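Take each chain as given, in its own frame, and dock them per the hints.
Listed below, chain by chain, are the residues.
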Amino acid sequence: MTGFLSIRNLSVVLAGTPHRLLRSVSLDLPAGEVHGLVGESGAGKSMIGKAILGILPRAIEIAEGEILLDGQDLLQLPPAERRRLVGKTAALIPQDPLTALNPSRRIGPQITDRLVDILGWKRAQAEARAVELLAEVHIPDAPRVMRSYPHELSGGMRQRILIASAFAAEPKLIVADEPTTALDVTVQKQILRLIAEMQSRHGTAILFVTHDLGVVSKVCRSLSVLYGGKVVEETEVRAFFRGPKHAYSAALLAATPKYTDPDTSLTPVPAEVIAAVQAEVEAADGEWRHVR
Amino acid sequence: MLDGRSAIKRRAGLRLWLSGGWLLLIVLAAILAPWISPQDPLAQDLFAARTPPFWEAGSEPGFWLGADSLGRDVLTRILYGARIALIVAFVAGTLTCAVGAALGLIAGYFRGWADRIVSRLVDIWMAFPPVLFAILLIAVLGTGLTSIIIAIVVIDWTRFCRVVRAEAMNQGQMDYVASAQVAGMSRLRTMWAEILPNVLPTIVALLSLEMGIAVIVEAILSFVNLSISTDSPTWGGMIAEGRTSIHQAWWVLVFPLLTLFLTVLSFSQFGEGLKDRFDPVLR
Ligand SMILES: Nc1ncnc2c1ncn2[C@@H]1O[C@H](COP(=O)(O)OP(=O)(O)OP(=O)(O)O)[C@@H](O)[C@H]1O
Ligand SMILES: [Mg+2]
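Each protein sequence line maps, in turn, to chains A and B. Residue 262 in our numbering sits at position 262 of the first sequence; the count goes up by one each step and never skips. Residue 153 in our numbering sits at position 153 of the second sequence; the count goes up by one each step and never skips.
Don't read these hints as lab results, they were simulated from the structure. On a predicted model such as this, the values are computed, not experimentally measured, just so you know. For every residue, glycine included, the Cβ atom is placed at its ideal position computed from N, Cα and C. Fair warning: there could be bad hints in the mix.
[What the hints assert, rightly or not] Part of the chain B face toward chain A, derived, beta carbon under 8 Å:
| id | residue |
| --- | --- |
| 1 | ARG111 |
| 2 | GLY172 |
| 3 | ASP175 |
| 4 | TYR176 |
| 5 | ALA178 |
| 6 | SER179 |
| 7 | VAL182 |
| 8 | ALA183 |
| 9 | GLU194 |
| 10 | ASN198 |
In isolation and in its complexed conformation, chain B is listed as follows (with noise of 0.2 Å):
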């Protein structure tokens, strides 16, 4: 049993690590892209269209990663495209979580007419498709960041809800829930005081993955050619670029979504590693 604990503790630690060193990274660059950046991420240079990596013959000196057709150094538009990832992210996975844990946790605790609408408009959500809902969104909003926020959001609430409901009706069940009521707490408070606490462990890694979710997401977008205006790099828009050039400069195409794929990736172990350390069961 203790063995058993501190092996899952130290597996989960090691995930902690790795993805958090990564997603630490990642916000570095965002905030520093000014400053550490080798190149302007707008400045076109003909010159040195599809310069290759460093270690490539024919490398050019300031181009570590290669520049793309129009000659724009690939690395530094990765650095500047971490902004946009990370606002969509944060932001986006914050209201998503906020919205869906709030309604989840509601419809749980208090059953009744509150879970039936709750439920019943989950169900209608989940019949539309989210991609064409969120192209949808976007033609009727426009492009923009704001619009793909909002877009996010209205897509991905269900699953924080659908989730943070089903553990919220499951802890209602328990024992300790009927001793705090009979100890004349409120069901407000004992919703807020009893419930959640239990809950929050899922909420965590929930919200994390939905941060990888809503980058990606940005970044499909991005690829269709619907998210913010051309002048800001961003992840997705580099890969739709980077694709026509696939067989002349593949690091046009590779870099931005190694980063995008290792970006999501950590914010998904991220979010189960904290599960695990937030637990009381195996803390």
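Bound-form chain A, shown alone (with noise of 0.2 Å):
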């Protein structure tokens, strides 16, 4: 089955050498569902979200494969209409709310600048769908924190509005990128709440990076483990926590604190496991070379 979101063979290297970041990565993201993407730091998460949105870094390029939003190929999309269709389609929920809003511009105009850049809204209309939004995000007061600057808010409000501004334009995917890992834990609740209810009331497709897997069992319906840039286990929720596949998902699994017992001790995923699944995705290197 292909997706509302299908990635196929998705290789991308650091520009001029044959050094892969993301090694062969597919997965499905059907329309309006969760899918959590794990792994440990460096493990080419982000890199998989920015590829989608088309912000990856100048000195990384793709050297390979499809991704399809909406049944179209962004990569053989023309930059602009590319940029045009993943506007429309696709959104950002960052994971740094300080840096995410411009510091020096109001909220308001930077939440209704989506509706008027990409629907082509008057500023009014704009301003009131905005005045809704928050109000959906659970923000009071909502025409006073739009005359306000980002400095002026605390770090749950500023991801509340942020989250705000990514539904804004009721786009059919989010990339959320670690959206509360810059958080405290109290509001890191509130903040996961929200994007769920969020989600289910417009019916967004998302695509969820963290690194934790306790977050995925609350908003996840599945979910694929990469480990240096490669997927090695693509799966539902619900099979994953009955017992993952890979030997390298189980010891990821095995290594995050349990909520309902937070007494048992941490283990670490060994260095065996880790050594196995290095030389596995190496292999897939070698194999890739060759084929070019």
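This is the structure we're talking about:
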């Protein structure tokens, strides 16, 4: 089955080198579902999101693969058309609410920009919608908030605003890149609940990047486990928590603290599991170079 | 936090008022010079030569700050000197800022080959000693107001370029830029609408500083007699002339020097004050 978002054999390299940062990644995300991307730091989770949204760093280029969004291969589109399609269909909830809002602009225009630019709305109409959106993410006193500068608001408040503005133009896909990592624990839970609430109300598909399997179990339907830029397991969340198939995912799950039983001691991913998955990933590389 | 913020604000406010006040005075002097000057700036009066300022014995009415060795009124010449100083400050400052900030913004935000070209250019530029460079340029271009302005722009654009490039590069890494990009904003508009407002406080501070520097450069060039023709009084020219008679008539040197010093200081302080005022995090 191909999903609303369908990635086929996507490899990205450090420009001008054969060094792969994503290794033939494939994944499917049906419309309206939440898919988790997990893996340790540096596994390439953010890289997948950036490749979809067309914001890869300069030094990184796509070597091969397809990114089908709503049936269209983004990588075959001319840049301007691609930008328009992505702008209309997708949005980003970034990790750090401190740098994700422009510090020298007021909140209001930062939300309404999207409605005006992407949907071609009138400023006044967009402002009315922004007030509704802020109410939807449980921000009281929306008119005052819209006149504020980002530094006048708390981290949790800013993240709510980013969520509101991600959902503003009714995208069909949102890439949420560790949207709760920068927040403190109590706020994390509220934000997570809010994202789930907005997701089910708007029926938006979300690619949820996180390294917290506990979060995945709460908000995702399916997930991909990444190691070294390769998907080692893609599966349904329920099946995963019943018993992961890959040794590395099993070790990752064992290394996750249990919310139900906080006293269990943490078992780090064993060295031999790491060595095995590393070997597996590198073997795939040899094949890849050979084919090319 | 709140207290610290308001303390900064108060200090910035005082600084802004003092420096702004002095600059306003100089601007008024430049505009109104023909009407408020007690004398003709070029009129020589050998009987009044080296008349001391009004509070000293032997002063003459009408020569408030004394007269130079040719009997020209010092105050009048300072007022007229403000004209050249300010023209150079505004024109050279603005042009320098426009060239340097534009190149810095493009290099810092677009990176890639644009950045490589601009950065290489800056490196090469920085290898020349600036004052020598200026004198060489004037020698080639000939003296005159336009030459001075061109020389200042050519020498000083790198100051803006370096700082603005670093800031733009910094801002370019921020997530808000990625979000704008995802929303389909073109690179050029992102630079203009998202990056520039964040670099603006720095640009304003540098611009004001640059105006002060332009005043100094003009004074230095006048001092070494490479500036405007001797018809129009300049502060640098007055300082050069005053130097020769410092023991007999200190006022010929000291008053223009003091004016120059206060003006340059005010430009830099005004810029800093504006920056604090502009910065949304301190506002
Ligand atoms: N601009 C860049 N130039 C070169 N390599 C990069 C660049 N950005 C990221 N990488 C590399 O790409 C790999 C994947 O990075 P990515 O940011 O996707 O990791 P991640 O899984 O999101 O990790 P984290 O949990 O730390 O965010 C890492 O090994 C990283 O070092
Ligand atoms: Mg990441």
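Quick rundown of the hints versus the structure:
1. ARG111: It holds, given that the least Cβ distance between ARG111/B and chain A is near 6 Å, below 8 Å.
2. GLY172: With Cβ-Cβ at 10 Å, over 8 Å, it is violated.
3. ASP175: With a minimum Cβ separation of about 4 Å from chain A (threshold 8 Å), the hint on ASP175/B holds.
4. TYR176: 5 Å, holds
5. ALA178: Nearest chain A Cβ about 5 Å off; hint holds.
6. SER179: 6 Å, holds
7. VAL182: 5 Å, holds
8. ALA183: 5 Å, holds
9. GLU194: 6 Å, holds
10. ASN198: 5 Å, holds
In this structure, only the earlier hint numbered 2 is contradicted, and the remaining ones agree with it.
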